[in-house]
Amino acid sequence: AAGVIQSPRHLIKEKRETATLKCYPIPRHDTVYWYQQGPGQDPQFLISFYEKMQSDKGSIPDRFSAQQFSDYHSELNMSSLELGDSALYFCASSLAVNRKRMSSYNEQFFGPGTRLTVL
Amino acid sequence: AQTVTQSQPEMSVQEAETVTLSCTYDTSENNYYLFWYKQPPSRQMILVIRQEAYKQQNATENRFSVNFQKAAKSFSLKISDSQLGDTAMYFCAFMGQNTGFQKLVFGTGTRLLVSP
Numbered sequence: 348a349a350g351v352i353q354s355p356r357h358l359i360k361e362k363r364e365t366a367t368l369k370c371y372p373i374p375r376h377d378t379v380y381w382y383q384q385g386p387g388q389d390p391q392f393l394i395s396f397y398e399k400m401q402s403d404k405g406s407i408p409d410r411f412s413a414q415q416f417s418d419y420h421s422e423l424n425m426s427s428l429e430l431g432d433s434a435l436y437f438c439a440s441s442l443a444v445n446r447k448r449m450s451s452y453n454e455q456f457f458g459p460g461t462r463l464t465v466l
Numbered sequence: 024a025q026t027v028t029q030s031q032p033e034m035s036v037q038e039a040e041t042v043t044l045s046c047t048y049d050t051s052e053n054n055y056y057l058f059w060y061k062q063p064p065s066r067q068m069i070l071v072i073r074q075e076a077y078k079q080q081n082a083t084e085n086r087f088s089v090n091f092q093k094a095a096k097s098f099s100l101k102i103s104d105s106q107l108g109d110t111a112m113y114f115c116a117f118m119g120q121n122t123g124f125q126k127l128v129f130g131t132g133t134r135l136l137v138s139p
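Chains as they are written, first to last, in the working numbering: chain E, 348 to 466; chain D, 24 to 139.
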């Protein structure tokens, strides 16, 4: 079965440079989530998108921006990179959640992650 | 804000034995889900088991089962007949209706080592 695809898998950047991470959801999944996992840390929610609109926002720095495109893939753009941005960035996808229904959870399927190293 | 606490940074168990990983959480919501995720050395996040808060019956998936104590806000994972492939980081996670079931909140993780 098709899984979430993330590219690149590894990325090395210098401080103050810009990085773009891409996420291709599972076919027919219309919701995308981004998480950041620092070294030895738990994953932290950054942002999510449904139907090209931002649906929720977590602790995402102002230097980061993201968007979802008409084919549902998403890109996370990171500017003015800092050493502390070095982390594993996960993308997850799911079917849309019906927030009005009590049991409207849809499983988030995680990609393999992009390891970003800022030197 | 919801918080998830895993008080065991590391656990060890021998192959074929049973081990229990602890998790507590804090929330004022009534409608939520709890999860255990496994992160092996490959760093892939793998869903192990899920529990709906409104279900009293504890979830079970093969060798994995949970003990969900809603009043105590406790959600432990029991791994029976441990296998070498169970060696991984295990994260407990919460997802609530107030955030539209969008956002997973993770605990700090428990590193499990299964030895022969």
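Bear in mind the hints are in silico, worked out from the structure with no lab data behind them.
Honestly, I wouldn't trust all of these hints.
Some, not all, of what chain E presents toward chain D, calculated at C-beta under 7 Å [unchecked claim]:
{"no.": "1", "residue": "P374"}
{"no.": "2", "residue": "P386"}
{"no.": "3", "residue": "S402"}
{"no.": "4", "residue": "L435"}
{"no.": "5", "residue": "Y452"}
{"no.": "6", "residue": "F457"}
Simulated crosslink set (SDA-like; lysine to any residue; CA at most 25 Å straight-line) [what the hints assert, rightly or not]:
{"no.": "7", "chain 1": "E", "residue 1": "K369", "chain 2": "E", "residue 2": "Q391"}
{"no.": "8", "chain 1": "D", "residue 1": "K93", "chain 2": "D", "residue 2": "Q67"}
{"no.": "9", "chain 1": "E", "residue 1": "K360", "chain 2": "D", "residue 2": "D49"}
{"no.": "10", "chain 1": "D", "residue 1": "K96", "chain 2": "D", "residue 2": "N121"}
{"no.": "11", "chain 1": "E", "residue 1": "K404", "chain 2": "E", "residue 2": "A443"}
{"no.": "12", "chain 1": "E", "residue 1": "K404", "chain 2": "D", "residue 2": "E75"}
{"no.": "13", "chain 1": "D", "residue 1": "K96", "chain 2": "E", "residue 2": "K360"}
{"no.": "14", "chain 1": "E", "residue 1": "K360", "chain 2": "E", "residue 2": "H420"}
{"no.": "15", "chain 1": "D", "residue 1": "K96", "chain 2": "D", "residue 2": "G123"}
{"no.": "16", "chain 1": "E", "residue 1": "K404", "chain 2": "D", "residue 2": "K78"}
{"no.": "17", "chain 1": "D", "residue 1": "K101", "chain 2": "E", "residue 2": "K362"}
{"no.": "18", "chain 1": "E", "residue 1": "K404", "chain 2": "E", "residue 2": "L430"}
{"no.": "19", "chain 1": "D", "residue 1": "K78", "chain 2": "E", "residue 2": "A443"}
{"no.": "20", "chain 1": "D", "residue 1": "K78", "chain 2": "E", "residue 2": "E454"}
{"no.": "21", "chain 1": "E", "residue 1": "K369", "chain 2": "D", "residue 2": "Q80"}
{"no.": "22", "chain 1": "E", "residue 1": "K362", "chain 2": "E", "residue 2": "S427"}
{"no.": "23", "chain 1": "E", "residue 1": "K362", "chain 2": "E", "residue 2": "S406"}
{"no.": "24", "chain 1": "D", "residue 1": "K93", "chain 2": "D", "residue 2": "Q80"}
{"no.": "25", "chain 1": "E", "residue 1": "K369", "chain 2": "D", "residue 2": "N121"}
{"no.": "26", "chain 1": "D", "residue 1": "K78", "chain 2": "E", "residue 2": "L442"}
{"no.": "27", "chain 1": "D", "residue 1": "K96", "chain 2": "E", "residue 2": "E454"}
{"no.": "28", "chain 1": "D", "residue 1": "K78", "chain 2": "D", "residue 2": "N53"}
{"no.": "29", "chain 1": "E", "residue 1": "K360", "chain 2": "E", "residue 2": "Y397"}
{"no.": "30", "chain 1": "E", "residue 1": "K404", "chain 2": "D", "residue 2": "S45"}
{"no.": "31", "chain 1": "E", "residue 1": "K399", "chain 2": "D", "residue 2": "S45"}
{"no.": "32", "chain 1": "D", "residue 1": "K93", "chain 2": "E", "residue 2": "Y452"}
{"no.": "33", "chain 1": "D", "residue 1": "K96", "chain 2": "D", "residue 2": "S45"}
{"no.": "34", "chain 1": "D", "residue 1": "K101", "chain 2": "E", "residue 2": "Y452"}
{"no.": "35", "chain 1": "E", "residue 1": "K404", "chain 2": "D", "residue 2": "K101"}
{"no.": "36", "chain 1": "E", "residue 1": "K360", "chain 2": "D", "residue 2": "Q67"}
{"no.": "37", "chain 1": "E", "residue 1": "K369", "chain 2": "D", "residue 2": "S65"}
{"no.": "38", "chain 1": "E", "residue 1": "K399", "chain 2": "E", "residue 2": "R356"}
{"no.": "39", "chain 1": "E", "residue 1": "K404", "chain 2": "D", "residue 2": "R66"}
{"no.": "40", "chain 1": "E", "residue 1": "K404", "chain 2": "D", "residue 2": "T131"}
These figures come from a predicted structure and were not determined experimentally.
Ideal Cβ positions, reconstructed from N, Cα and C, are used throughout, including at glycine.
Against the structure, the hints come out as follows:
1. P374: violated (19 Å)
2. P386: At about 11 Å, which exceeds the 7 Å cut-off, the nearest Cβ of chain D leaves the hint on E/P386 violated.
3. S402: Holds. Min distance 6 Å.
4. L435: holds (6 Å)
5. Y452: holds (5 Å)
6. F457: holds (4 Å)
7. E/K369 / E/Q391: holds (18 Å)
8. D/K93 / D/Q67: Cα-Cα ~29 Å, so violated.
9. E/K360 / D/D49: Violated. E/K360 to D/D49 sits at ~38 Å, over the 25 Å cutoff.
10. D/K96 / D/N121: At roughly 17 Å apart (the allowed maximum being 25 Å), D/N121 and D/K96 satisfy the hint.
11. E/K404 / E/A443: holds (16 Å)
12. E/K404 / D/E75: Holds, at roughly 24 Å.
13. D/K96 / E/K360: Outside the cut-off at roughly 42 Å; violated.
14. E/K360 / E/H420: With Cα atoms ~23 Å apart, E/K360 and E/H420 stay inside 25 Å; holds.
15. D/K96 / D/G123: holds (20 Å)
16. E/K404 / D/K78: Roughly 29 Å between the alpha carbons, so the hint for E/K404 and D/K78 is violated.
17. D/K101 / E/K362: violated (44 Å)
18. E/K404 / E/L430: With a Cα-Cα distance of about 23 Å, the restraint between E/K404 and E/L430 holds, given a limit of 25 Å.
19. D/K78 / E/A443: With a Cα-Cα distance of about 22 Å, the restraint between D/K78 and E/A443 holds, given a limit of 25 Å.
20. D/K78 / E/E454: Answer holds: D/K78 to E/E454 is near 17 Å, not above 25 Å.
21. E/K369 / D/Q80: It is violated: about 39 Å lies between the C-alpha atoms, which goes past 25 Å.
22. E/K362 / E/S427: holds (7 Å)
23. E/K362 / E/S406: holds (21 Å)
24. D/K93 / D/Q80: holds (11 Å)
25. E/K369 / D/N121: Since the Cα atoms of E/K369 and D/N121 sit roughly 28 Å apart, the hinted pair is violated (cutoff 25 Å).
26. D/K78 / E/L442: The given pair, whose Cα atoms are some 22 Å apart, holds under the 25 Å limit.
27. D/K96 / E/E454: holds (22 Å)
28. D/K78 / D/N53: holds (11 Å)
29. E/K360 / E/Y397: violated (29 Å)
30. E/K404 / D/S45: violated (29 Å)
31. E/K399 / D/S45: Answer violated: E/K399 to D/S45 is near 38 Å, above 25 Å.
32. D/K93 / E/Y452: Holds, at roughly 19 Å.
33. D/K96 / D/S45: This hinted pair holds, its Cα atoms lying about 11 Å apart.
34. D/K101 / E/Y452: Holds, at about 23 Å.
35. E/K404 / D/K101: Violated, at roughly 33 Å.
36. E/K360 / D/Q67: OK: E/K360 and D/Q67 at ~23 Å, within 25 Å.
37. E/K369 / D/S65: Answer holds: E/K369 to D/S65 is near 20 Å, not above 25 Å.
38. E/K399 / E/R356: Holds - the C-alpha atoms of E/R356 and E/K399 are around 24 Å apart, at most 25 Å.
39. E/K404 / D/R66: holds (24 Å)
40. E/K404 / D/T131: Given that 25 Å is the threshold and the Cα spacing comes to 21 Å, the pair holds.
Consistency note: the structure conflicts with the earlier hints numbered 1, 2, 8, 9, 13, 16, 17, 21, 25, 29, 30, 31, 35.
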